Structures are given as structure tokens and as C-alpha cells.
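Participant: Residue numbers for the sequence shown follow the numbering used here, so the first one is 1 and each next one is one higher.
Worth flagging that the hints you see were computed from the coordinates, not collected in a lab.
Possibly wrong hints are sitting among the right ones.
[To be verified] Per label pair, the in silico range of CB-to-CB distance:
#, residue 1, residue 2, range
1, GLU132, GLN234, 41 to 47 Å
2, ALA211, SER54, 28 to 34 Å
3, ASP277, ALA211, 24 to 30 Å
4, ARG203, ASP43, 38 to 44 Å
5, THR165, VAL106, 19 to 25 Å
6, PRO374, GLU46, 45 to 51 Å
7, GLN234, GLU361, 48 to 54 Å
Source: prediction; values computed, not measured.
Just so it is clear, CB atoms sit at the ideal spot from N, CA and C, and this is done for glycine as well.
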Amino acid sequence: MNHVVTAFCRHDGRILLARRSGDAGTYPGRWAGISGYVEGSTDDTEPDARREVSEETGLTSLELVRAGDPLHLVDGDDEWMVHPFLFDTETRDVRPNEELAATEWVHPTAIRDRATVPELWETYRRVAPTLETVQTDETHGAAWISIRALEVLRDGAAEAKSWDTVAELADALRDARPSMAAVTNRINRVMAEPDGDPKAVCRRAERAIDAAVAADREAAAVAVERLETDAPVQRVATLSRSGTVLATLRGARPAVFISESHPGGEGKEVAEALANDGLEVTLTTDAAGPGLVLDGAVDAVLFGADSVLATGDVVNKVGSVPLALAAARASIPVYAVCARDKIRGDDTFVGEGGGSLSSAEGVTSENPIFEVVPADLVTGVITEWGVLDAGEIATVAAEHAELGDWADGDDGSRKG
Numbered sequence: 001m002n003h004v005v006t007a008f009c010r011h012d013g014r015i016l017l018a019r020r021s022g023d024a025g026t027y028p029g030r031w032a033g034i035s036g037y038v039e040g041s042t043d044d045t046e047p048d049a050r051r052e053v054s055e056e057t058g059l060t061s062l063e064l065v066r067a068g069d070p071l072h073l074v075d076g077d078d079e080w081m082v083h084p085f086l087f088d089t090e091t092r093d094v095r096p097n098e099e100l101a102a103t104e105w106v107h108p109t110a111i112r113d114r115a116t117v118p119e120l121w122e123t124y125r126r127v128a129p130t131l132e133t134v135q136t137d138e139t140h141g142a143a144w145i146s147i148r149a150l151e152v153l154r155d156g157a158a159e160a161k162s163w164d165t166v167a168e169l170a171d172a173l174r175d176a177r178p179s180m181a182a183v184t185n186r187i188n189r190v191m192a193e194p195d196g197d198p199k200a201v202c203r204r205a206e207r208a209i210d211a212a213v214a215a216d217r218e219a220a221a222v223a224v225e226r227l228e229t230d231a232p233v234q235r236v237a238t239l240s241r242s243g244t245v246l247a248t249l250r251g252a253r254p255a256v257f258i259s260e261s262h263p264g265g266e267g268k269e270v271a272e273a274l275a276n277d278g279l280e281v282t283l284t285t286d287a288a289g290p291g292l293v294l295d296g297a298v299d300a301v302l303f304g305a306d307s308v309l310a311t312g313d314v315v316n317k318v319g320s321v322p323l324a325l326a327a328a329r330a331s332i333p334v335y336a337v338c339a340r341d342k343i344r345g346d347d348t349f350v351g352e353g354g355g356s357l358s359s360a361e362g363v364t365s366e367n368p369i370f371e372v373v374p375a376d377l378v379t380g381v382i383t384e385w386g387v388l389d390a391g392e393i394a395t396v397a398a399e400h401a402e403l404g405d406w407a408d409g410d411d412g413s414r415k416g
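Use the sequences and the hints to build the structure in full.
Facilitator: Dropping the structure here:
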């Protein structure tokens, strides 16, 4: 039996497909992931996957997302054991070698319409994001998770035979992270056209992923411009892991003071990423952050946002309120940067708990992960459309509330 690896490289919701050269020993001219024979242990094939990606594409900065269960397949006289992998990469800059006739960054659903190596869709599905991915991720921010939710909807709609199947999946994705407005709004926008066609949902989900990536990137660009025109800002305090904040800091390149962010400690990852990019970074405890702000260590506080309520209040990781209060006392600005899709259609705060703090009898725990920063402590909510005031936030909230109407028709039945 031949053991091979198939690696899918993902960037901003699309994966890299490669067309095998006409001289390939197997399946010449077919589309595939990045694949090759296992040369090491069949019990540890990740090094083989990384080697093949590096040799065939030049991509070396790879973050392992998932190693899938091996897929056994028989094709004529050939028997294969395929070991699938999914990697995230920070770039689409590919330098293909002679083994590849062409490469293309596509939505994975393109696999279903191309002449591929055997069972490529099934191989991808073994590493693709799932409902559980959306439900259980405790490391990434809401923007990242919302794009994973759209990927799940896209892939599910590509396979679905009925509208009801797609609608049930969309409901489950909205319920998976009720605190994250971006998940709800982006799913609702895809489902809001009641055409009853799963394939149309798939196409809209593909467009929604591209639009979400662009919106998050543009919001960061607006935030960079704002920081550079405020004095300019040279020292920024933040916490937690927001991809939009990370992009903003990489663009503006201030000195950064970042709180470690309990209970997940994701602030440490952000600190290391920024330091690797050459920024001056100070990692501190959550409790010490407000004191540093009061001592004049920073010029501004910059948050991401789990959600923005219709009132303009900002929902973010616990620790945000003390930083905002300290900033008010120190008379420095507090910004929340996010795409408009993080604005909720209502003013309801949906929190998430971080588990018990004590097992002792008689001791109850209050261990929230998120909290509400009042609007009067936030200088501005920076989006891809600029800095929104309270009236503009309310207008967007009303639009987002209407998107949710897809789930029920006038008679109480599901639309579509």
C-alpha cells in the first residue's frame, strides 16, 4: 500500500489547489492538494506534509490547523492511504516547482467541479472546519470564528439536498456562539435571500467569506490611519487576541503594552507575534494594565470587539472595562476596531462563562469571559466605513436586525 500526504494550504477562506504536471507519475493533469509520498514514519506524517508544501510551493510559514483521519482508497490496481492536513498560511505568494503545471487559490467547493485526483473532496472534508470548530474555539477572535462559520455553511450547502438541511445548519451555527454578532450577522446575510436553493447559498457564502476578509482588513486600515493622525499615537495598550487589532498594530507599528488575557492567555501569543514582526512589546498581567495606563505608559487604548451593542456599548474580553476607566482618568482615547458586522441587531449582552474558580463547598464563582464597556468610555468605534457615532451604530443595528427575519415567514413557517 502507498502512503501519501495531501496538504491543503488555507489563506483567508480559500485553499491552494495545484494541477499536476503532464509528466507526473500518477494522475497527470489532475487537480489536487499539495501531495507526495510518505518518506518517514506512517505514524507521524506531518513532517512529510510540511516538506512537500515547502518543496512544491515555497510556502514555509505554516500553522497546522488539523490533521485528519487517513483515508483508504482503491483505484484500479492502486491502493492508497491518504494522510490529510490543513495548514493556515499568511501569504498567497506561491513559487511552484516543476511538479505543478498550475496553482490557484479557490474556495474548496471548486473541487467538486474539477477533474481531481480520487476522493479529493472527501480528503478535504476530513480537515475542513466543522460546527464543533465554531463552538469550541477559545483562542481566536470573533472575526476569525465568523469566517470559519461561513466556511462550514459553504461546505454544508455544497453537499445539501434540501433548503431545510441548510437552514438547520445555519441555525446551529448562529446558536454556536450567540455572543458573537459577526457570526450571527454574516450567517443571516447569506441566508436572507429566500430562494430555497442550497447551491445559491453556497455561492453567497463564498462571496460572504471574501467580503468579510476585505471588511476586516479595511477596518484595520482605517484604524491605522486614525492612530497615525492622533498626535500621532506612539504607545498603545490592548488585550486579548483580535485579528483586526493585530493587523492595526502591524500597520501602525507603535510600542505595544498587552495584557496576558486570562483565562486563555492569548495575549501572550499576540505579544510574541508582534515581537517577531519587530515591534517593541511589553507583556503585562491583566491586573497591572490599568495602572500602567494611569502612570502615563501609553497614548491610547485599542480593543477589538466581540460585539457592539445597538446602544454603542462594546462587548469585549474581561479586563477591557478597567483599561477603559483608566484611560478616561488619564484623558487618553479608547478605540474599538472591528468590521460593521460586529454590530448586534439589539442591545442584548450575551456573555460566556469561564468555568468554576473554586470547588470548595459554599463558594460560588463569577468568572465571565466577556464584559460590556459603556459607550461613554469609548472614543470611537472604528469600522471599514470610518469611525461610527451612536446614531450610525443604531442605523447599522436596525439593518442587522432585519437580516434575521429569514428564519420565519409571516405565518411562522421557515422561509425558503
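Participant: Confirm or reject each hint.
Facilitator: Cross-check of the supplied hints:
1. Checking the proposed 41 to 47 Å range against GLU132 and GLN234 shows it holds: the Cβ atoms sit about 42 Å from each other.
2. Between ALA211 and SER54 the CB atoms are about 32 Å apart, so this pair conforms to the stated range of 28 to 34 Å.
3. At roughly 27 Å, the beta-carbon separation of ASP277 and ALA211 lies within the given 24 to 30 Å, and the hint holds.
4. Here the CB-CB span from ARG203 to ASP43 is close to 40 Å, well matched to the stated 38 to 44 Å.
5. Distance hint check for THR165 and VAL106: the Cβ-Cβ separation is about 24 Å, which falls inside the suggested range of 19 to 25 Å.
6. Restraint check, PRO374 to GLU46: a C-beta distance of roughly 47 Å satisfies the suggested window 45 to 51 Å.
7. In this structure the hint that GLN234 and GLU361 lie 48 to 54 Å apart at CB holds, the actual value being about 51 Å.
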